[in-house]
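Novice: Below are the chains, spelled out letter by letter.
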Amino acid sequence: MIRDITLGQYYPGNSVIHRLDARTKIIATLLYIVVLFMVKNFWGFLIAAAFMFAIIEFSRVPVRFIFRGLTAVFLIIAFTFVINLFMVDGRVLWEWKFLSITYEGVSRAFFMAVRLVLLIIGSSLMTLTTKPIELTDGLEKLLKPFSKIGLPSHEIALMMTIALRFIPTLMEETDKIIKAQQARGADFESGNLLYRAKALIPILIPLFINSFRIAQDLALAMEARCYHGGSGRTRMNEIKFHRGDVIAALLMAVFTGIIVLSRSL
Amino acid sequence: MAFISVRDLTLEFTKYDEEGRAESSNKALDTISLDIEKGSFTAVVGMNGSGKSTLAKCLNGLLLPTEGSVNVDGMDTSDDSHIWDIRSKVGMVFQNPDNQIVSSIVEDDVAFGPENLGIEPAEICRRVDDALRKVGMYEKKDKPAHMLSGGQKQRIAIAGAVAMRPDCIIFDEPTAMLDPSGRGKVMEIIKELNAEGITCILITHFMEEAAESDRIIALKDGRIASDSSPIDLFSDARLIEELGLELPPAIELRERLGMDKCVSNIEDMADEIRGRAQQGRNSFSE
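Chains as they are written, first to last, in my numbering: chain A, 8 to 272; chain B, -14 to 271.
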């Protein structure tokens, strides 16, 4: 049922990767993505892929969970592949009317596809091994230095926390509205696309109004609990770097070094 | 001086038309004066729109008086510099259990209040564990809040208020959206907290809940219509009718049994009946 939906796509566990500080994981993921764009040849990708599979092995997240994330973006990867296949000039391998496949095109297409796949696996591994709440906490800490130049880091993190908290509540609310409309004879399942889209309006409007009401209630409850912005606020679980984070940082540095070296292969 | 003292509190809501001109105004509260002593248990009753919730929101400065004053532990709620002190002393639990939980995880939510007060992390942990034990939800501390029942969510909300270590907690119809078992449990917790010395103010539609208090304030059209002990209020059947309330089941039974007016809640009632039955049996065997 709607009550059982999971938040984000967190895979509960207690592996070395799970225990890393969220900040470490966010930075490492960003670095990994940057490194992927530095790769120049297939040797580099081989190293990057091997590194990724080692991390997956350590995280104990079942591989099928990781590939589930790929199915959602399969279309994008296929599109990139096809575009690259046909659009690159060079030594022609195959030709038909205005379409031509070149040697460079094939190589570039595979190159881009592998890059995208690794990129998506890398970022989904982060969300799979980090609780949403830790992610928002980590993000708040990471953005903190930017608050000096006016970036509301605390507010951004709190907004994300509340959004995550209220996904299930709003889902329940939607469920209730749909049932109430169906009980009065509304039909959401037949008719063409336009008709069905129109049928959604009577759901969206009450949902919109309800979410404002909920926001008002919540604001009042937060004020009653002395919420007055991020200044002077402490946290129950202060996130701290541990030895694992240092090791992870070192490994990332070594990995980046190897990739840079692989460029000259 | 009383812990909370309200003097001639009047609160007007002004309706504006589309151009921003005041169209009409409506007195939600009208010259209310009352004192609430430390450690007391007060119930506030009245029909919908009688001003119960508005009064509650005035007591911790969520709403400010149009006229008159509200003092909490000697601090005026209109004084901006004390507002956070007042709110940390007077906690509040609202009606809708879903809309007052801020964080997805139970213990993170309970920690929200103490975090806002800027308390040390180790002390927050202690307070959160303590508060969760008090409401009997310690085992659920790392569960997602949306998986809990309404009654359990409301207990989390109470723990959230308790973790701030307030002197007083206002309960604004905390049981209105709960099933009977959740309701019973919440009432039990309120009574326990009161027994531990926390001043409790309970706004409710359920007369059997109001009957558990030391004092019932009945509101009608924004004015205090009656301020007395439960026994006195429930003895006045005409007043009850006038206020649009109903008698709690125990009182109803008492009236029908033609018993005297010294009991107002179920337990006392049962004792009384048991005593009488015993008396009857004794006189029969004599």
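A few of these clues could be false.
Some chain A residues flagged as far from chain B (calculated, every beta-carbon gap over 10 Å) [unchecked claim]:
1. Arg67
2. Leu125
3. Leu150
4. Val261
In silico contact screen, one side only, chain A against chain B (beta carbon under 7 Å); selected entries [to be verified]:
5. Arg172
6. Leu225
7. Gly239
8. Arg242
9. Met243
10. Ile246
11. Lys247
12. Phe248
13. Arg250
For lysine-lysine, the following DSSO-like pairs were computed, each having C-alpha atoms within a straight-line distance of at most 30 Å [unchecked claim]:
14. A:Lys148 / B:Lys125
15. A:Lys247 / B:Lys126
16. A:Lys183 / A:Lys205
If you're looking for bench data, these hints aren't it; they were derived computationally from the structure.
Quick reminder that beta carbons are idealized off the backbone N, C-alpha and C, glycines included.
Novice: All hints, please: hold or fail.
Specialist: Taking the hints in turn, this is what the structure says about them:
no.: 1; hint: Arg67; result: holds (20 Å)
no.: 2; hint: Leu125; result: holds (31 Å)
no.: 3; hint: Leu150; result: holds (18 Å)
no.: 4; hint: Val261; result: holds (34 Å)
no.: 5; hint: Arg172; result: holds (5 Å)
no.: 6; hint: Leu225; result: holds (5 Å)
no.: 7; hint: Gly239; result: holds (5 Å)
no.: 8; hint: Arg242; result: holds (6 Å)
no.: 9; hint: Met243; result: holds (4 Å)
no.: 10; hint: Ile246; result: violated (11 Å)
no.: 11; hint: Lys247; result: violated (10 Å)
no.: 12; hint: Phe248; result: violated (16 Å)
no.: 13; hint: Arg250; result: violated (21 Å)
no.: 14; hint: A:Lys148 / B:Lys125; result: holds (28 Å)
no.: 15; hint: A:Lys247 / B:Lys126; result: holds (21 Å)
no.: 16; hint: A:Lys183 / A:Lys205; result: holds (19 Å)
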